[in-house]
Amino acid sequence: MRQRPQDIVEQALSVATCDDCVVIADETSTANLRWAGNTLTTNGVARSRRLTVIAIDRREGGAAAGVVSRSGVRDHEVETVVRAAEKEAADGSPAEDAGPLVEEPGAGPFGMDVSGRPGWDDPPDSTGIGVLGGFAGQLGDTLRAAAAGGRKLYGYAEHELTSTFLGTSAGLRLRHDQPTGKVELNAKSDDLTRSAWAGEATRDFADVDVAALDRGLAERLEWARRRVDLPAGRYETLLPPTATADLLTYLYWSAGAKDALDGRTVFSKPGGGTRVGESLTGLPVTLRSDPSFPGLACAPFVIAHASGRDSSVFDNGLPLAPTDWIRHGELAALTQTRYSARLSGLPVTPAIDNLIFETDDPGAPGLAEMIARTGRGLLLTCLWYIREVDPQTLLLTGLTRDGVYLVENGEVTGAVNNFRFNESPVGMLSRLAEVGASVPALPREWGDYFGRVAMPPVRVEGFNMSSVSQAS
Amino acid sequence: MTHGGQHDIDPQFTTLPLRALADAAMQQAADLGAGHADFRAGQIRSQQIGLSDGNLETLFDAGDIGLAVRVVVNGTWGFAAAVDLTPDAAAQAAREAVEVARVAAAMNTERIELAPEPAHGDATWVSAYDVDPFDVSAADKAALLADWSRRLLARDGVDHVDAHLLQVKECKFYADGATTATQQRVRLHPALTAVAVQKDGRFETMRTLAPPAGRGYEYLNGTGWDFQTELEQIPVLLAEKLAAPTVRPGRYDLVIDPSNLWLTIHESIGHATELDRALGYEAAYAGTSFATPDKLGTLQYGSPHMRVTGDRTAEHGLATVGYDDEGVAGQSWDLITGGVLSGYQLDRRMAALVGLGRSNGCAFADSPGHMPLQRMANVSLQPADGGPSTSELIGGVEDGIFIAGDKSWSIDMQRYNFQFTGQRFYKITGGRLAGQLRDVAYQATTTDFWNAMEAVGGPQTYVLGGAFNCGKGQPGQVAPVSHGAPSVLMRGIRILNTAEEAA
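Sequences listed follow chains E and G, in order. Going letter by letter, the first sequence gives residues 0 to 471 in numbering that gives the first Met the number 0. Going letter by letter, the second sequence gives residues 0 to 502 in numbering that gives the first Met the number 0.
Isolated chain E, as found in the complex (with noise of 0.2 angstroms):
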């Protein structure tokens, strides 16, 4: 028998001789299912338990952090762990990131709201292959209407959950269970010519209707039947919200504090400092986090496994309040660790595991509006291959996939073949033309990584396809 992973905390806690000490056990469970052509390919579960400590070893005038993070730790070999991760610590020189650990719970800024999630001493949660029960029966029957109806069907479905203890040796004991879930749906002509997308973040697939997504991937593919071939150019661009959630997490993923004031990104300031409170467009928006985000909670503390630019291990547990990063249009935080933050004078605001950015504006559209009142321009599916081209202004590259469509006086009049685009989602705020109402959306690119956000389609001036790609 095991122990439980509080229990593992706390056997750490007890054995650790070093100065301070952190603990953090995860315990993970995952269930997913993948297909291809209309026929399952390969599936599975998996539990894991990994546990992470953190050593603190102060001396004169600084402070050394040893690491040791091992999976599947057995019970007589958690001293193991903790011996070396001092050993570490003793031996290696100062972190540049040292400083006191984190008091209490509650004891920084923002105090915590914890009432409703489950206590230190509940039982971790756990996901398995029941929670996609219901969603494989009714992908079966997908399949089988897809065949008949002349598509081809091709996706994945994940549900995962982490039921993460976070102790420390100042007192901390602090509990998160992250449930993150996702399908995607990628449906294509029996001829394979022609191809649609549609992704959603799930927190328990409850919310899953793929018979709706099939039929939604069918108009779509019917929307294609018509081919226009448009060569590169700058065009009025329709982003959907999962397009939106790709650029804007990119952004969001270079807005490190540290980075930004050693001169190194889009977000420093020539001769020193960083932009914080320059304007980066006209339109009243706001790009923001917040744990508590409904739909889209996420851990309102910070969990920090290693230290690098832009976590610090010194940090685990330092409570996370609803940030800002661009209000009505303007720069205003970057993301700090308490280190970065003593550097940059400005307050501390760590990374947090969701994105939200919308406009001020309440009567803000709908896709299906904005596409209504376009005169002429493209309207995307989704971006792929996004890969950073140059830090100095944030330009991107990378593909657009599964369907670009070609608006003419307020209606999809045919699809258009795929284009290479370079474009930064700095420069882009500065042309973006309309924004519409925030949905929550799956990003296509980085959805293994980061899928709570809620996105707005938007409308952009201008946007670079540098190339056309054959890819259908």
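Note that these hints are calculated values from the structure, not bench results. Here the structure is a predicted model, which means the values were calculated and not measured. Not one of these hints is a red herring.
Here are the simulated EDC-like cross-link-like pairs (lysine to aspartate or glutamate), alpha carbons at most 16 angstroms apart as the crow flies:
1. G/K240 to G/D155
2. G/K198 to G/D155
3. E/K86 to G/D134
4. E/K86 to E/D18
5. G/K240 to G/D158
6. G/K426 to G/E239
7. G/K140 to G/E217
8. E/K86 to G/D139
9. E/K268 to E/E329
10. G/K140 to E/D90
11. G/K406 to G/E266
12. E/K268 to G/D199
13. G/K426 to G/E397
14. E/K86 to E/D19
15. G/K406 to E/E387
Some chain E residues well away from chain G (every beta-carbon gap over 12 angstroms; in silico):
16. L12
17. G148
18. G294
19. N408
Only some residues are given here: those of chain G computed to face chain E with a beta carbon under 7 angstroms:
20. N54
21. A79
22. T108
23. Y415
24. A501
Beta carbons are placed, not taken as given, at the ideal position from N, Cα and C, and that holds for glycine.
Since the structure of chain E is already known, use the hints to place chain G on it.
Below, chain G without anything else, positioned relative to chain E:
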């Protein structure tokens, strides 16, 4: 049979009750009616060290251990993984795998069959390295990186230095009743980046070109790469780049160094010749391939100078193994011969599906928690026997660009349209290098690009590049892979100015 390197496999792994676990899982699977079952156990150690301006920023030491059971029940896959290395947990995973196969059967219309592989008995294999990086203390490794960082920071014009060292030791045990393979691989990737920031806000970076390698810690001390010389040159190269003129967009002849070309090979050939992609099994995620099986033996992929091989055997290669994750022995074969598509990368299921005979050994799972997929072999462009040096290739260009080092990369989901940048770009005028350029990207369609290859450099230009982090599949998996390349001469490739693209 025992072969490969000189080291013993980590006793922490070999003293686990691996055979008892396999027996418990296989027996349970057989009892429940599985037609095929295989068992895998793995222990993966990794350590990440990162320094910012010579100060320790990241020290993360991870270990993953676990087991996996894969079954075929009535023609449907089932897979389950667990982290407890006990016979009970192994048998439980086998029961779960069978249950998953039964749930999944409702959606399966293709009967899973596996290409036969000769039995290899009880085999052991260890990759070639001298010093296990996990035998060197983290403090010593961080001290070496700090010394290198400070040397760079002390030079004029260097404002910041990032230093990273990623190291992995992978131990695997595989059993399927015919073959039992116990293996160990070591790999590491050191990288340093120098940054220069001007008062007007413009900045440039210059990174070491040292590729990740299937080597041990000796790699940092002069075996396989000359870091001392490279570190000496970086500040000079960075200053030249900062002062360089911006490129005029247009069509140019290119001489491409292997330190850049490996990534173009990876994206436009490596992924395009994966049979599961070509058949549509990755259509919703990583994508498909223009190089479909109906074109095997006829598609003119590139110029007649082009021979590309796949292998899982190259010494120090990141995809090199003794046996893959389906018990198939490492092999070497042609993918493109005389410029024509001549082969694919296969696993046992894909090989059986299209009747291509034996698998060429490309099954790989990145952890015991994941099901093996067809993953990339070392895919390499072969040099020309007696072929030219890099400077001889440059000598054949009147007005062009020489490109070294990889940086940004992107390619479409059928592997047609790609765009790459690099670490540094030199103008070529009258057959000679004439200083660096900046803001350069090259963009092409795969077959246009490789058919524009006029000359392939000789073996003296050949370098094994590669990456630790090739992504594929859902759930996502990462795989390490190497790509050998000579220098090449390409005619008339489209060059973009990235500053203009962002304007």
